[in-house]
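**Q** Going down the list, the sequences are from chains Z and F.
Residue numbers for the first sequence follow my numbering, so the first one is 1 and each next one is one higher.
Residue numbers for the second sequence follow my numbering, so the first one is 1001 and each next one is one higher.
There may be inaccurate statements among the hints.
Said to hold, decoys possible - Restraint ranges, calculated between C-beta atoms of paired labels, are given here:
no., chain 1, residue 1, chain 2, residue 2, range
1, Z, Glu197, F, Lys1135, 43 to 53 Å
2, F, Glu1003, Z, Asp71, 43 to 53 Å
3, Z, Glu197, F, Thr1209, 34 to 44 Å
To be clear, the hints were calculated from the coordinates, so they are not data collected in a lab.
C-beta: ideal position from N, C-alpha, C; glycine also.
Next come the chains, spelled out residue by residue.
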Amino acid sequence: MSETCIISTTNLNLWYHEKHALQSVSMRIPKKKVTALIGPSGCGKSTLLRCFNRLNDLIDHVKISGEITLDNESINAASTDVVTLRKKVGMVFQKPNPFPKSIYENVAYGPRVHGIRDKAELDTIVEQSLRHAAIWDEVKERLNDSALGLSGGQQQRLCIARTLAVEPEVILMDEPCSALDPIATAKIENLIERLKEDYTVIIVTHNMQQAARVSDYTGFMYLGKLIECGKTGQIFEHPKEELTENYITGRFG
Amino acid sequence: MAEKFHTELKNLKTDTLEMARLGRFMLRTAVDALIRQDAELATSVVAQKEQIHEMEVRIEEHCYRLIALNQPMAKDMRVIACTLKVITASLRIGRYGKSIANTVADLSSKPHIANLMSIPHMADLVLDMVDDAIKAYETDTLRYIDDFSSRDDTIDALRHSIFREGITYMMEDPKNISRCTHYIMVARYLERCADHACKIAENVQYMETGERVEIH
Chain Z
1 MSETCIISTT
11 NLNLWYHEKH
21 ALQSVSMRIP
31 KKKVTALIGP
41 SGCGKSTLLR
51 CFNRLNDLID
61 HVKISGEITL
71 DNESINAAST
81 DVVTLRKKVG
91 MVFQKPNPFP
101 KSIYENVAYG
111 PRVHGIRDKA
121 ELDTIVEQSL
131 RHAAIWDEVK
141 ERLNDSALGL
151 SGGQQQRLCI
161 ARTLAVEPEV
171 ILMDEPCSAL
181 DPIATAKIEN
191 LIERLKEDYT
201 VIIVTHNMQQ
211 AARVSDYTGF
221 MYLGKLIECG
231 KTGQIFEHPK
241 EELTENYITG
251 RFG
Chain F
1001 MAEKFHTELK
1011 NLKTDTLEMA
1021 RLGRFMLRTA
1031 VDALIRQDAE
1041 LATSVVAQKE
1051 QIHEMEVRIE
1061 EHCYRLIALN
1071 QPMAKDMRVI
1081 ACTLKVITAS
1091 LRIGRYGKSI
1101 ANTVADLSSK
1111 PHIANLMSIP
1121 HMADLVLDMV
1131 DDAIKAYETD
1141 TLRYIDDFSS
1151 RDDTIDALRH
1161 SIFREGITYM
1171 MEDPKNISRC
1181 THYIMVARYL
1191 ERCADHACKI
1201 AENVQYMETG
1211 ERVEIH
């Protein structure tokens, strides 16, 4: 990968109790590109994703060795402020999880936590974030309505807007479309394409066609190891590793 | 679902092999008809044109349907891409067989000039190349095609030699012009068939390795 790298892991290992969930994973995530992580269930792709904003810290008995850097600074160093890290590295989950608040408050919540109080400034952030998440036109007349009244696809785009509101550098997406219908999925995929103009996106997906459609780079994981990582066209046209070939052609998994 | 798709892919290859063998058979039969000056045999080749065309349409549709319904990737995708090229090449080989068969009637009234020059030998070499290209596709084995570049050079040299020899007989006696023109055309058709065998070989290489090669 010749592009500028924003996140890099070197010999990253992770254990849940005795289970060695990530084994010597070394990879580079290029800046302002979409990188997809694929692999069968339990291969470690979500675990790897959660390493990038230290969400695994919330789980007991997790041990990590090796190095992860964001903009050349160690993510796991004692001096790293996790709140700042999670501001830089936002996350969108499998199931849309809006707060039980209004649409406006969902988006304004993050900036408020980070100290923005000015109403006009918050209004601007909310509008820009909703516009970037391609949902503004659908909600601009009902910003004070509950977010829980939105459809699943709209809720997921609202969650993306909520992530964008704190101006992250990287957006992690863990199966962002698996709970959505094909039309809502297409909207999220179109959005991902636009997001990479300003952000780095890392997406975990079970749907290989989706990985092929939306990503620039793809990493294939199997039993905790990164088997192969390369340009998406190469991975899906002629992967170098037989394991990758067998997985993407449906011979296992 | 993957199992069903892979069974369909196998069936696709079986149908394609049947079509490739029909193209090869049309060419072989046409050359035999030419050598034996057997106009009836030549007519049977012409009659197979419709059959091979129908096979091509059917297999092509099958390829598109498999792509639309399964979004194949990696080797699966390359097998289908290769198959689309193999059927085109096989149709052309069959059609050149038909073109050679069309010359038989004109060339059956008198004995062949110089025993057809090198055409029977050239035809054997071309048919061997077609055979090996088909075998490589059938068995996913590249060793059948790894010497195709030099074999194609031999075919080109034979076509040139037949051309020069034909010109010589034409200059000796203008009554030979019509027959020798046919011979030169037949040599050209055979050379094109070798080129199509090379196209199949290039695509089998892609199917197997994902690498594009050009066989000159």
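**Q** Next, verify each hint and record whether it holds.
**A** Hints and how they fare:
no.: 1; hint: Z/Glu197 x F/Lys1135: 43 to 53 Å; in the structure: holds, 51 Å
no.: 2; hint: F/Glu1003 x Z/Asp71: 43 to 53 Å; in the structure: holds, 46 Å
no.: 3; hint: Z/Glu197 x F/Thr1209: 34 to 44 Å; in the structure: holds, 36 Å
No hint from the list above goes unmet by this structure.
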